[in-house]
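Undergrad: Given the coordinates of chain Y, assemble chain P onto it according to the supplied hints.
These protein sequence lines are chains Y and P, in that order.
Numbering of the first sequence is given in this note's numbering, commencing with residue 836 and proceeding in unit increments.
Numbering of the second sequence is given in this note's numbering, commencing with residue 599 and proceeding in unit increments.
There may be inaccurate statements among the hints.
Straight-line C-alpha distance at most 25 Å; calculated PhoX-like pairs for lysine-lysine [said to hold, decoys possible]: (1) K858/Y - K839/Y; (2) K769/P - K885/Y; (3) K769/P - K839/Y; (4) K881/Y - K769/P; (5) K856/Y - K881/Y.
Footprint (simulated), chain P over chain Y, 3 or more residues, beta carbon under 8 Å [claimed, not checked]: (6) 872 to 882; (7) 905 to 914.
According to the in silico footprint, chain Y covers these stretches of chain P (three or more CB under 8 Å from chain Y) [what the hints assert, rightly or not]: (8) 603 to 613; (9) 630 to 640; (10) 711 to 722; (11) 726 to 736; (12) 750 to 764.
Keep in mind the hints are simulated off the structure, nothing from the lab.
Glycine residues also receive a C-beta, built at the ideal position from the N, C-alpha and C atoms.
Residue strings, one per chain:
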Amino acid sequence: MNCKDFENTIHELVSRRLADKTKQLDALEHAGHCLWCALRLDEETKLTEKLHAFASTLQGQRAPARVEEELLRAFRERNVGSNAPLFGLGRKRVGRGLRLGLAFAAAVAAVWVVVSLWPRLHPGSSALPSRVSNNRPPAASAAPRSNLAPAPLTGATALTSRKSGGAQPIVQAGSLERVALDESANEVATGFISLGTCDDSQCMAEATLVRVRLPAEALLAFGLGTDSDYAPEGFVQADVALASGGVPFAIRFVN
Amino acid sequence: MQAGDENAFTALYRRRQGGIYRFVLEISGSAPLAEDVTQEVFMALIRDSRGYDPSRGSLAAYLLGMARHHALRFLKRDQTYVPIPQAGDSSRDGGDLAPASDEDPHSAMSRRETIHSVRQAILSLPGHYREAVVLCDLNEMSYEDTAAVLGCSVGTVRSRLHRGRALLMQKLTGGVKAEAGNEAIDPNRCLA
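With the rest of the complex left out, here is chain P:
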């Protein structure tokens, strides 16, 4: 690509753009922002492709790190992390949630509601927890790659992920302690 091979650039773009687009979409909930950031990341790559250092991590982590940087910049500029849902905006409301042909309407509705609630729960997380959850759980990245994207240690990633998932559980189910009858369980009983 550095030699000006358009095919190489096209191949790289088609291979990586989906992950970048989805990552920004997941952390921002905004399709236009995801589109802008994807374009910005590859424009930066066109301008200076020598910025990537293989010794510092994978190319995917490098690109996602750039995407995160641009997304945060855009979001800071717009002063909004959770966009106001608008009627007819399929990108924010589960555009691909059409029921399968063999799925009964009740199941489809339940699934749609679940996904919508998960989306809202993720978007309501604080930014650094959200990033960890999106990268590790939604994109199934390793802790090491996530740490490279976020620019922090693996331990920090684990901590943020743990805390982010706990918050998600509280938002989605109310957590174990909120369930009836669970108060009787002493979580410290096995620590001795």
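Just chain Y, same shape as in the assembly:
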């Protein structure tokens, strides 16, 4: 062993970590005939003794009892919270799951409501034809529209029938393109469109309204687009005003 090897093993030697007995003897033998290494060994041994003396003064040092109390309290709280299946945090977890479920259900319900009410809350922007703006009953002077009369009746399905009784005469059109018919049913309708088959005042006084369902194409006959909100499912509902003789003389589309 030379001084370099000795230097590499000196710490293990003085700290008694050198398990290899042969190496240990070699190191001690080297220190026996090398003054420098003997001094180094003496110096390292003294340092180790000082360090051990210092370490021994700290041997009794412990964390104060309050730390243990604090930790045990935290451990109990944590344990109660995490392990109890029905109480403590277990119940909190159930509650959190319930809250999440309710929130999800509420979100689904809100989406469903919005989707279902969207057509009613946002009726289409299809403009009514200018002739609908007429706020007068179908004028007798209006040209007969015999070519339009059959169209509404084609495939029409009568839904309801009621006497108008003059309660809902020709609707103000133009600025009021839609009026509420039945608030409970959220119905709105266009103004009455004259079919030109009857005098206005007499007809409206004795008119009978018949609720019919028509193909959406019927809107085209009156200049309305089939993509209108009045025909969301390919059909359009309409109120047909019938004169006393059963002759239709006006129509309005209902949403």
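TA: Chain P in isolation, oriented as in the chain Y frame:
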């Protein structure tokens, strides 16, 4: 302990807390910091005891590694590694250095001075040397466990320890070369 056994936790705490507390006290010189770090280590263990992987080292090394991490964090936050000694602070001034009943006053004084100087010398070491000296020499940990605590190789531990001890010797005795008459010794004479 993972099953919520309070006795197991208490046993673990009482077995390990002393080493953690002393380790932090030795590297920081601050009893309040050692107390805080000890509590923090076991709080972390309560929060997540699954963090320990036996295949990566002993539990003692794992806990000391956590303590080192927290201590460094606290010290970095406080921007001080060596606290200013305060009058009456027994934790920094050898609180357990009361003379033994059969020790004469001169010996007690000498011993007290020696320990105080060792403490100051250790605290004045650069951090990575100090950690190696504290773990290997004061706590007598193996190089492998020290390497696990410090997160470095065994070779690095040996190197840091060697350098740290050399610095300690310089601070405590001035080293071999400083001693009178030693200059004549050629350290390279045996290397050939």
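Undergrad: Does each hint fit the structure? Answer for all of them.
TA: To see whether the hints hold, each was checked on the structure:
| no. | hint | verdict |
| --- | --- | --- |
| 1 | K858/Y - K839/Y | 13 Å, holds |
| 2 | K769/P - K885/Y | 13 Å, holds |
| 3 | K769/P - K839/Y | 23 Å, holds |
| 4 | K881/Y - K769/P | 13 Å, holds |
| 5 | K856/Y - K881/Y | 22 Å, holds |
| 6 | 872 to 882 | holds (count 7) |
| 7 | 905 to 914 | holds (count 8) |
| 8 | 603 to 613 | holds (count 5) |
| 9 | 630 to 640 | holds (count 5) |
| 10 | 711 to 722 | holds (count 5) |
| 11 | 726 to 736 | holds (count 4) |
| 12 | 750 to 764 | holds (count 4) |
Every hint from the earlier list agrees with this structure, and none is contradicted.
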